[in-house]
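Read top to bottom, the protein sequences are chains A and B.
All residue numbers for the first sequence refer to our numbering, where the first residue is 1 and numbers rise by one.
All residue numbers for the second sequence refer to our numbering, where the first residue is 1001 and numbers rise by one.
Hint data in this document are derived by calculation from the structure and do not stem from the laboratory.
Keep in mind that a hint or two might mislead.
With a Cα cut of at most 25 angstroms, we get these calculated BS3-like pairs of lysine-lysine [as the list claims (entries may be wrong)]:
hint: 1; chain 1: A; residue 1: 23; chain 2: A; residue 2: 629
hint: 2; chain 1: B; residue 1: 1047; chain 2: A; residue 2: 376
hint: 3; chain 1: A; residue 1: 307; chain 2: A; residue 2: 328
hint: 4; chain 1: A; residue 1: 307; chain 2: A; residue 2: 10
hint: 5; chain 1: A; residue 1: 110; chain 2: A; residue 2: 546
hint: 6; chain 1: A; residue 1: 375; chain 2: B; residue 2: 1011
hint: 7; chain 1: A; residue 1: 221; chain 2: A; residue 2: 496
hint: 8; chain 1: A; residue 1: 261; chain 2: A; residue 2: 68
hint: 9; chain 1: B; residue 1: 1147; chain 2: B; residue 2: 1229
hint: 10; chain 1: B; residue 1: 1147; chain 2: B; residue 2: 1092
hint: 11; chain 1: A; residue 1: 260; chain 2: A; residue 2: 546
hint: 12; chain 1: B; residue 1: 1047; chain 2: A; residue 2: 546
hint: 13; chain 1: A; residue 1: 10; chain 2: A; residue 2: 261
hint: 14; chain 1: A; residue 1: 496; chain 2: B; residue 2: 1011
hint: 15; chain 1: A; residue 1: 221; chain 2: B; residue 2: 1011
hint: 16; chain 1: B; residue 1: 1147; chain 2: A; residue 2: 371
hint: 17; chain 1: A; residue 1: 260; chain 2: A; residue 2: 496
hint: 18; chain 1: A; residue 1: 496; chain 2: B; residue 2: 1047
hint: 19; chain 1: A; residue 1: 305; chain 2: A; residue 2: 645
hint: 20; chain 1: A; residue 1: 629; chain 2: A; residue 2: 585
hint: 21; chain 1: A; residue 1: 221; chain 2: A; residue 2: 68
hint: 22; chain 1: A; residue 1: 375; chain 2: B; residue 2: 1229
hint: 23; chain 1: A; residue 1: 68; chain 2: A; residue 2: 32
hint: 24; chain 1: A; residue 1: 376; chain 2: B; residue 2: 1147
hint: 25; chain 1: A; residue 1: 41; chain 2: A; residue 2: 23
Negatives, chain B to chain A, calculated, CB over 10 angstroms [claimed, not checked]:
hint: 26; residue: 1006
hint: 27; residue: 1039
hint: 28; residue: 1071
hint: 29; residue: 1072
hint: 30; residue: 1087
hint: 31; residue: 1097
hint: 32; residue: 1100
hint: 33; residue: 1117
hint: 34; residue: 1210
hint: 35; residue: 1212
hint: 36; residue: 1230
hint: 37; residue: 1234
hint: 38; residue: 1235
hint: 39; residue: 1237
hint: 40; residue: 1241
Note that CB positions come from ideal geometry on N, CA and C, so glycine has one too.
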Amino acid sequence: MSGTILPSSKLNAGIPSGPLEQKWDRHRFELKLVNPANKRKFEILVVGTGLAGSSAAAALAELGYNVKVFCIQDSPRRAHSIAAQGGINAAKNYPNDGDSVWRLFYDTIKGGDYRSREANVYRLAQVSAAIIDHCVALGVPFAREYGGTLANRSFGGAQVSRTFYARGQTGQQLLLGAYSALMRQVAEGRVRIFPRREMLELVVIDGCSRGIVCRNLVTGKLESYAGHAVLLATGGYGNVFYLSTNAAACNVTAAWRAHKKGAFFANPCFTQIHPTCIPVSGDYQSKLTLMSESLRNDGRVWVPKTKGDRRPPEQIPEGERDYFLERKYPSFGNLVPRDVASRNAKQAADEGRGVGATGLAVYLDFADAIKRVGKKTIQEKYGNLFEMYHHITDEDPYRSPMRIYPAVHYTMGGLWVDYDLMTNLPGLFCLGEANFSDHGANRLGASALMQGLADGFFIIPYTLGGYLASSPLGAADTVHPAFQEAESAARERIEKLVSVRGRRTPADFHRELGGLLWDRCGMSRNEAGLREALRRIPEIREEFWKNVMVPGSGDEFNQALERAGRVADYLEFSELLVRDALERKESCGGHFREESQTPENEALRDDANFCHVAAWEFTGVGESPVLHKEPLQFEAVHLSQRSYK
Amino acid sequence: MNLTLRVWRQKDSSSPGRMVAYEAGGVSPDMSFLEMLDTVNEALIRKGEDPIAFDHDCREGICGMCSLVINGQAHGPERNSTVCQLHMRHFKDGDTITIEPWRARAFPVVKDLVIDRSSFDRIMQKGGYVSVPTGSAPDGNCLLVPKGRSEAAMDAAACIGCGACVAACPNASATLFVAAKISHLALLPQGGPERERRAASMTRAMQEEGFGHCTHEAECEAACPKGIKLSNIARMNREFLRASLLSRE
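Taking the hints into account, I'd like the entire structure generated from these sequences.
Shown next, in the form of structure tokens:
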């Protein structure tokens, strides 16, 4: 059932020796350098143009590499990093409130519930300050104090103010910054952009990753591109749940295709459910909209004390409200990490104290904050979020509390990478949300933007050079038979999808799969439910291939075909996600196994048996994958039960 | 609600297009406009017919991908809203709704309601950036930016690059888009060193891409989902004049 478990001989994380503080410096010195005159001879393929992909492509082009960039949208500027709202963390300690590289490192390890690598996280904290400096220089209009210095705010899971922000549009402004750096390199002639392309195959030659096959989404033609290295910066797989805060085009296809070619997939069950999203309103719903977690700085979360209290919020007196986060976690209050906030909201709804028409919501109330600092200040901080909420719900959050509920938001799991961000397939690197490395079992707010830009601007420019300088790679050419094989495989799958001509739409299968995952492998998970999901997924998959309807052909602009291809991959990938959740019998971070909880219903880790990264090797669709374990060693941090009380 | 849709259908960039009528039944007022189109497309797919192609992605009004002209208005009747944030509660049972793509020479139709906006990327390549190599930046607080100035830069930087300004303009001018970027960087000290070069080359690129001239119709401001102000165009004109006077190239 759980697959073969092998010792971790195939996994070498390549963590440098020496004290934690010196590992990255030492490693940078030890990595071989590529001669500046030789860099232009290397062809680098970057798939995805979010923060990680854009920044990597720009930084590598600045060094002199030849870079080709592929994105699924019509422009690199549309990647879903753009939707990140709240901010980006950095250990600048500008507010003089006790922050340091060490504290950011410690908070991230603890927030991730001790399931991430110490060395990677420490490096992330180390480079965080340089990210802010660089983004300021690029013209990112961060919020300022009256004296002209950069402003900070606090964010979930932290007791210091280390989050930099640009209103509620930090992701947009950072992505446009990285995009502008990328555009400069296009103008310099060192980057070529390939928009409206979807990667369908990874090409592996002599064990090394040497190219990709994409579908041109406008013409439908399959195109092969060869290079010396492939960088996947293709984001997370939250859309496997159908409803999530992800954009429609976010998908697992590129990562899954790489997995099927041999790249290990790590910790797929670590998915993050974000506590502050606008609740579901009907079956037609295509996505869930996030309300930035920064709102929890000023908003107070509450539900009525009594079950089934249907009065409008204004009519519920103070004494009959339960500010459950402040009550249960007096020291962190409304700022507990996302997993804790989400589970508590679910618990309130399960107890029948949820609010709104469906009862699947809790209040996020700004009345006290508006009284304290005035409407204008709240407007300055969150204006666009309040507007967005108003647009969607037709309710004014300045007058009545927001209704919020948890929704799938981010995926901590991803392709396994070593310290150099390289997968177990030489020459295949994975950056940003698509990899697994830094957030353990739960990501802290404002850390995704930090990781994407750290990977792209400040890590891959060094580690990629180390790989290229020490690997004897000949020139790659798409005439190699491996490219023809990959193209045929992609073509065959497309032909198969358009020839079923059944009765159900791709979205319909997606909805069914997503509903199953949300019920059985969502905010809380148990063995019986997971086994049920493992039984159902192959049945849905089988029906999909017999009964899906994709009109038209593969040789044209065909959005139904694009969707069908992604759903087909979800139907394979989801099985791995559930299997990983079943195998990990402990609770940690966003992965809550009902069998493993403390008497106060908090997640109970099992460090004796599960203090490892679960890296899965593909063996065939419907076959048991092989589990490789990378033990996590903690030298600097003492493992303890998280407490936010 | 039950609605009649009149939708622009066009097979590809080289084929002629036409309006086609569709019935949309059982529409809930809480649906977004795109969710309403999703249900129409689901029904078409079930019948084995070609669904209506349209661009969309984040569905929360920030990626700039969605781009529909609804009853003659770019992004529809709601002010300060993208199509994805437009809800069906703004329509009535029995309404006939006309849906077209952005129309501009510089935005050729790819299929149905999908257009090619790569001209915007090419304009950005002509100076919509600060030339700073990774790793060379000084400490973030070395550059002090007055709060008001930073807020004004942010107002301009909020542009999502959707192209509604072009679609709404009788001349299909991209002036508001270009002005927003020039303003954003002209307002910040970081943009200073390349200020003149940027103003000159981005405005030239806009003309070369086939966008029209600005004749101060102000339709762009009314259509902009992010409330980018016309005053950015005044600033761009000043920047352009400044560049013409100061440029030694």
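Consistency of the hints with the structure:
1. For the proposed pair residue 23/A and residue 629/A, the alpha carbon gap of about 23 angstroms is at most 25 angstroms, so the pair holds.
2. Pair hint residue 1047/B plus residue 376/A does not hold up; C-alpha atoms about 52 angstroms apart against a cutoff of 25 angstroms.
3. For the hint pairing residue 307/A with residue 328/A, the CA-to-CA distance comes to about 18 angstroms; that is within 25 angstroms, so the pair holds.
4. Between the alpha carbons of residue 307/A and residue 10/A the distance comes to roughly 53 angstroms, so the proposed pair goes past 25 angstroms and is violated.
5. Between residue 110/A and residue 546/A the alpha-carbon distance is near 46 angstroms, which puts this suggested pair outside the 25 angstroms criterion.
6. With a C-alpha separation of about 50 angstroms, the suggested pairing of residue 375/A with residue 1011/B is violated against the 25 angstroms cut-off.
7. Between residue 221/A and residue 496/A the CA atoms are separated by roughly 16 angstroms; this keeps the pair inside 25 angstroms, and the hint holds.
8. Using a Cα cut-off of 25 angstroms, the hinted pair residue 261/A and residue 68/A holds, with the two alpha carbons roughly 21 angstroms apart.
9. A threshold of 25 angstroms between alpha carbons decides the hint, and for residue 1147/B with residue 1229/B the separation of about 19 angstroms falls inside it, so the pair holds.
10. For the suggested pair residue 1147/B and residue 1092/B, the alpha carbons sit about 44 angstroms apart, so the restraint of at most 25 angstroms is broken.
11. A distance of roughly 22 angstroms separates the Cα atoms of residue 260/A and residue 546/A; the hinted pair therefore holds under the 25 angstroms criterion.
12. Proximity of residue 1047/B to residue 546/A is assessed by CA-CA distance (about 16 angstroms); at most 25 angstroms being required, the pair is judged to hold.
13. Restraint check for residue 10/A and residue 261/A: satisfied, since their Cα atoms lie roughly 15 angstroms apart, inside the 25 angstroms limit.
14. Between the alpha carbons of residue 496/A and residue 1011/B the distance comes to roughly 23 angstroms, so the proposed pair stays at or under 25 angstroms and holds.
15. Restraint check: the Cα-Cα separation between residue 221/A and residue 1011/B comes to about 16 angstroms, which is no more than 25 angstroms; the hinted pair holds.
16. This hinted pair checks out: residue 1147/B and residue 371/A have alpha carbons roughly 24 angstroms apart, not beyond 25 angstroms.
17. With a C-alpha separation of about 18 angstroms, the suggested pair residue 260/A and residue 496/A falls inside the 25 angstroms cut-off, and the hint holds.
18. Straight-line distance between C-alpha atoms of residue 496/A and residue 1047/B comes to about 19 angstroms, which keeps the hinted pair within the 25 angstroms bound.
19. For the suggested pair residue 305/A and residue 645/A, the alpha carbons sit about 21 angstroms apart, so the restraint of at most 25 angstroms is met.
20. Restraint check for residue 629/A and residue 585/A: satisfied, since their Cα atoms lie roughly 15 angstroms apart, inside the 25 angstroms limit.
21. The straight-line distance between the Cα atoms of residue 221/A and residue 68/A is roughly 18 angstroms, inside the 25 angstroms bound, and the hint therefore holds.
22. Using a Cα cut-off of 25 angstroms, the hinted pair residue 375/A and residue 1229/B holds, with the two alpha carbons roughly 23 angstroms apart.
23. A C-alpha spacing of about 23 angstroms is found between residue 68/A and residue 32/A, which places the hinted pair at or below 25 angstroms, so the restraint holds.
24. Distance check on the hinted pair: residue 376/A and residue 1147/B sit about 15 angstroms apart at the alpha-carbon level, within 25 angstroms; holds.
25. Restraint check for residue 41/A and residue 23/A: the C-alpha separation of about 30 angstroms exceeds 25 angstroms, so the hint is violated.
26. The claim that residue 1006/B lies off the interface holds: its Cβ sits roughly 20 angstroms from the closest Cβ of chain A, which is beyond the 10 angstroms cut-off.
27. Taking the minimum C-beta to C-beta distance to chain A, about 6 angstroms, the non-interface status of residue 1039/B is violated against the 10 angstroms cut.
28. With a least CB separation of 19 angstroms from chain A, residue 1071/B remains clear of the 10 angstroms interface cut-off, as annotated.
29. For residue 1072/B, the non-interface assignment is confirmed: its Cβ lies about 21 angstroms from the closest Cβ of chain A, beyond the 10 angstroms cut-off.
30. Remark: the non-interface label on residue 1087/B conflicts with the geometry, its nearest Cβ contact in chain A lying 7 angstroms away (cut-off 10 angstroms).
31. Non-interface call for residue 1097/B relative to chain A: holds, since the shortest CB-CB distance, roughly 17 angstroms, exceeds 10 angstroms.
32. With a minimum CB-CB distance of about 18 angstroms to chain A, residue 1100/B clears the 10 angstroms threshold, and the non-interface call stands.
33. The Cβ of residue 1117/B does not lie farther than 10 angstroms from every Cβ of chain A; its closest approach is about 6 angstroms, which violates its non-interface assignment.
34. Annotated as non-interface, residue 1210/B keeps its C-beta farther than 10 angstroms from every C-beta of chain A; the closest such distance is 17 angstroms.
35. Listed as outside the interface, residue 1212/B is consistent with that label: its C-beta sits roughly 21 angstroms from the nearest C-beta of chain A, beyond the 10 angstroms cut-off.
36. With 10 angstroms as the threshold on Cβ separation, the claim that residue 1230/B sits away from chain A holds: the shortest Cβ distance comes to roughly 20 angstroms.
37. No beta-carbon of chain A comes within 10 angstroms of the beta-carbon of residue 1234/B; the shortest separation is about 20 angstroms.
38. Listed as outside the interface, residue 1235/B is consistent with that label: its C-beta sits roughly 15 angstroms from the nearest C-beta of chain A, beyond the 10 angstroms cut-off.
39. At roughly 21 angstroms, the least C-beta separation between residue 1237/B and chain A is larger than 10 angstroms, which holds for a residue marked as non-interface.
40. Chain A leaves residue 1241/B outside its interface by the beta-carbon criterion, the shortest separation being 22 angstroms against a cut-off of 10 angstroms.
In summary, the structure is inconsistent with hints 2, 4, 5, 6, 10, 25, 27, 30 and 33 from the numbered list given earlier, while agreeing with the others.
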